[in-house]
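Using the sequences and the accompanying hints, generate a full structural model.
Keeping their order, the protein sequence lines are chains A and B.
Counting from 1, position 83 in the first sequence corresponds to residue 83 in the working numbering; the numbering is continuous, with no gaps.
Position in the second sequence (first residue = 1) + 114 = the working numbering.
Among the hints, a few may not be true.
Unchecked claim - Taking CB as the label site, the calculated pair distances span:
1. A:26 to B:175: 20 to 26 Å
2. A:77 to B:156: 23 to 29 Å
3. A:50 to B:154: 29 to 35 Å
4. A:52 to B:194: 44 to 50 Å
5. B:213 to A:38: 16 to 22 Å
6. B:210 to A:27: 21 to 27 Å
7. A:84 to B:156: 18 to 24 Å
8. A:1 to B:175: 17 to 23 Å
The hints are simulated quantities; they were obtained by calculation from the structure and are not laboratory data.
Note that beta-carbon positions come from the ideal geometry of N, C-alpha and C, so glycine has one too.
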Amino acid sequence: ELKVEQNPLFLSMQEGKNYTIYCNYSTTSDRLYWYRQDPGKSLESLFVLLSNGAVKQEGRLMASLDTKARLSTLHITAAVHDLSATYFCAVDKRANFGNEKLTFGTGTRLTIIP
Amino acid sequence: DSGVTQTPKHLITATGQRVTLRCSPRSGDLSVYWYQQSLDQGLQFLIQYYNGEERAKGNILERFSAQQFPDLHSELNLSSLELGDSALYFCASSVRGYEQFFGPGTRLTVL
Numbered sequence: 001e002l003k004v005e006q007n008p009l010f011l012s013m014q015e016g017k018n019y020t021i022y023c024n025y026s027t028t029s030d031r032l033y034w035y036r037q038d039p040g041k042s043l044e045s046l047f048v049l050l051s052n053g054a055v056k057q058e059g060r061l062m063a064s065l066d067t068k069a070r071l072s073t074l075h076i077t078a079a080v081h082d083l084s085a086t087y088f089c090a091v092d093k094r095a096n097f098g099n100e101k102l103t104f105g106t107g108t109r110l111t112i113i114p
Numbered sequence: 115d116s117g118v119t120q121t122p123k124h125l126i127t128a129t130g131q132r133v134t135l136r137c138s139p140r141s142g143d144l145s146v147y148w149y150q151q152s153l154d155q156g157l158q159f160l161i162q163y164y165n166g167e168e169r170a171k172g173n174i175l176e177r178f179s180a181q182q183f184p185d186l187h188s189e190l191n192l193s194s195l196e197l198g199d200s201a202l203y204f205c206a207s208s209v210r211g212y213e214q215f216f217g218p219g220t221r222l223t224v225l
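Rendered as structure tokens:
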């Protein structure tokens, strides 16, 4: 059974600082996703990582994937208050086309302190 | 706005009752997925439909069922509701299983 672990679960950081959220998964997978969720809201897709060594950046967020280590990281640079949210990684292991399900990590609740 | 719509936004009902949640996928998306988000279980995959056919099943209770109609909208039916069924229910859609886009969710409260 595919398991996805995130750490830390909670993260408080000051504005302007850098930090990294880690996502480990237990078996080989096809794709890794990062989502953002604001309280009581839906999940917003941030990144889709498809292959080993993939790196994607959007503003102050950068995601990377190491499939050999089964590890993805979400790096936050010079944090600002607007980045406060819960971040989820998710992995899919597609058995065949048209049969996909996402297994989510526990989420990391990020709070940026002014 | 992801383009996925869900109704209703909120639903309050009593134990033992039955409710139906509705989802309309993004235009052109053939796959619909249902997820449950609760404090104790986190985000869990329930079921997937692709072009009207069930394709994958997760931790979906026997009291729950779903279907996808010819116009590709989907409904999730929850029956014999229990307090523990209170959760946020999300629908997501994708065109070819590449990236799933999530709807705004239905918050179900069972009293």
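Tell me, in ascending order, the numbers of any earlier hints that this structure violates.
-> Of the numbered hints, all hold.
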